[in-house]
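Visitor: The lines below spell out each chain.
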Amino acid sequence: MLSKIWDIAFDTLTGWRYWAAVQPIVLILLAGLAGQLLAFEYVRSQYGLTPSLGVFLGSYVSQRIFLVTTAVAGLWLLFRLQPGRANRPAPGRIRTFITTHRPAILYRATVTVIVLALTAWVWVVSSPTQVSHITVKFMGLSDDLRSDALAYLVYELNRPQHEWHFDVDFRPFNELELTSVERQSCDQDPQPLLCYAEKMAAESGPIIGITGQPLNGTAFATHRGMASIISTADAARYAPLSSYEYLAYKIILQSMLIHLDAHGGLPANSFVATTSSMGGVFQTAPDPDTLKSTILAARLSPEEQGLLLNRFGPEYLAVCSNLLSLEWLYDGRVRTNLEKVFAVKLSK
Amino acid sequence: MTRRFVVLSLLVGAALVFATNRLTRASMSPEQGQPIPFEFVATENSRTQYRFLIEVERVGFLMNSVRDKYKLVRMRVENHTPTALQLSADKDRLELFIKDSPALPGLLNMQTADGPLWDSLATPMRQTLAYPASVKAARAAATPTGLPTPEVLLLFGFFAAQPVTDLPAKFVYSVESLGKQFTLVHRAAAARD
Chain X
-1 MLSKIWDIAF
9 DTLTGWRYWA
19 AVQPIVLILL
29 AGLAGQLLAF
39 EYVRSQYGLT
49 PSLGVFLGSY
59 VSQRIFLVTT
69 AVAGLWLLFR
79 LQPGRANRPA
89 PGRIRTFITT
99 HRPAILYRAT
109 VTVIVLALTA
119 WVWVVSSPTQ
129 VSHITVKFMG
139 LSDDLRSDAL
149 AYLVYELNRP
159 QHEWHFDVDF
169 RPFNELELTS
179 VERQSCDQDP
189 QPLLCYAEKM
199 AAESGPIIGI
209 TGQPLNGTAF
219 ATHRGMASII
229 STADAARYAP
239 LSSYEYLAYK
249 IILQSMLIHL
259 DAHGGLPANS
269 FVATTSSMGG
279 VFQTAPDPDT
289 LKSTILAARL
299 SPEEQGLLLN
309 RFGPEYLAVC
319 SNLLSLEWLY
329 DGRVRTNLEK
339 VFAVKLSK
Chain Y
11 MTRRFVVLSL
21 LVGAALVFAT
31 NRLTRASMSP
41 EQGQPIPFEF
51 VATENSRTQY
61 RFLIEVERVG
71 FLMNSVRDKY
81 KLVRMRVENH
91 TPTALQLSAD
101 KDRLELFIKD
111 SPALPGLLNM
121 QTADGPLWDS
131 LATPMRQTLA
141 YPASVKAARA
151 AATPTGLPTP
161 EVLLLFGFFA
171 AQPVTDLPAK
181 FVYSVESLGK
191 QFTLVHRAAA
201 ARD
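Those protein sequence lines, which keep their order, are chains X and Y.
Counting from 1, position 308 in the first sequence corresponds to residue 306 in our numbering; the numbering is continuous, with no gaps.
Counting from 1, position 168 in the second sequence corresponds to residue 178 in our numbering; the numbering is continuous, with no gaps.
Calculated from the structure, these hints are not laboratory results.
Keep in mind that the hints are not guaranteed to be accurate.
With a straight-line Cα cutoff of 30 Å, these simulated BS3-like cross-link-like pairs (lysine-lysine) come out [stated by the list, open to error]: (1) Y:K101 / Y:K190; (2) X:K343 / X:K290; (3) X:K343 / Y:K101; (4) X:K338 / Y:K146.
Every beta carbon over 10 Å from chain X, so not counted as near; a handful from chain Y, in silico [said to hold, decoys possible]: (5) G43; (6) L82; (7) T133; (8) R136; (9) T159.
Glycine included, each C-beta is placed from N, C-alpha and C at the ideal position.
The whole structure should be built from the sequences, with the hints applied where relevant.
Guide: Pasting the structure below:
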């Protein structure tokens, strides 16, 4: 059936009197379309990612293919139009040819350079950014948390990563290490721990601090620039989920916030106080008790997928989507290791 | 004449040898070069709980100072107990006693005690010198002796340099969380007593 439709369409096209003129353009467009299909399949097979059509067409991958297709089609048109053909000199007379066709040659060369430069510029500008490593620092863990088990969890988060990773800083946090000026400024900050983390991040790169202390009226976590603090003080709100499940989810989310903040900012309307929620990871839960629902059904919306795909590439998006789902945590190997080696029980 | 010259030469030579011998002995004996250990071992039911040790190097302690303002003392703290030892830079105290002089208070929180000096130190140095918040609990026994492996930490105290005119006689270290004070005395002197 499909082949018949194709045959009819092909016969109609080839019978068209302008077919010879438009054939190269049609071929270029078909090559572009094939490129889009191949790229989509590559993203699917290579990263295990199945973006919606809208997300894919809005991605830098699709846009690059569209850009190259347009550039090739444009250049073909440019060389198809030959205004100086009437005065064609005898073959072999290069100097005469150049002299005669100087305006056309200059015009085509200029347009070709502009098209290539524009294409290269858009290509470079649309390239995904290489994200930085992030240090996880224990800033006074609650008594029910084991630092070695938490370190294991962070190492498991690193397993699927190829482009960046978490480092665990085991050195105990000590605010006395700060300069007196830093200490004074942080003591006046509504979030002193976040301020300390910011000071450390300024010297050693992005940092996620984990603490058992409450965050001065802020539930769960707080973030600013290159630093985030996650608190387990509100454990009752995410129970019966264990602190390990909660922290695994929060560490991934805060790492995404740090990377997004460093490269273009957070998604529009993220963490705006609302009375309704669709359970998005970048939404504030109207009721803190519903955080566990968000954790259990964690997902990225198509807009958020598109944002991450364009900023950091398909691998970043695939890894973050996978880690946020926490399926790796409930996987047999990780669960067994947590139970047998660290005596840590997960909620499900 | 010749004999007098020979005798004089021998006398001068002998004097030179004697003087050279004396001059080249401007060093300490190995015993004197050893640092003086000030120690206190806290025990309960004859089991060690905490061990505090300050070693003072005789010449270095008297000659050196931090920016001509402070004498620096390093204390080794061993925690043999199964619980962490909580410390507080603002509540704990370290005092130095020189013979019969009154106690010289040590500064454990240089961040507030001398901000400009503290701020001038490089980050790694501040990280080393900052008074710790706790000493972790001893690790569970993994040796055939059945004794837990103590957690060891080094902490530093600063003393105003000017009043320190002689070697310390003892140190007194008070830990607020334990509600106790420990007198660190010269190990050999304590043995003699």
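Visitor: Are the hints correct? Go through all of them and say.
Guide: Evaluated hints:
1. Between the alpha carbons of Y:K101 and Y:K190 the distance comes to roughly 12 Å, so the proposed pair stays at or under 30 Å and holds.
2. Between X:K343 and X:K290 the CA atoms are separated by roughly 17 Å; this keeps the pair inside 30 Å, and the hint holds.
3. With a C-alpha separation of about 39 Å, the suggested pairing of X:K343 with Y:K101 is violated against the 30 Å cut-off.
4. As the CA atoms of X:K338 and Y:K146 are separated by approximately 24 Å, the hinted pair is consistent with the 30 Å bound.
5. No Cβ of chain X comes within 10 Å of the Cβ of Y:G43; the nearest lies about 34 Å off, and the non-interface call holds.
6. Residue placement check: Y:L82 keeps its beta carbon more than 10 Å from all beta carbons of chain X (closest about 16 Å).
7. Separation of Y:T133 from chain X is inadequate, the least Cβ-Cβ distance of about 6 Å not exceeding the 10 Å criterion.
8. The beta carbon of Y:R136 sits about 5 Å from the closest Cβ of chain X, which is not more than 10 Å, so the claim that it is off the interface is violated.
9. Non-interface call for Y:T159 relative to chain X: holds, since the shortest CB-CB distance, roughly 15 Å, exceeds 10 Å.
The structure does not agree with the numbered hints 3, 7, 8 stated previously, though it agrees with the rest.
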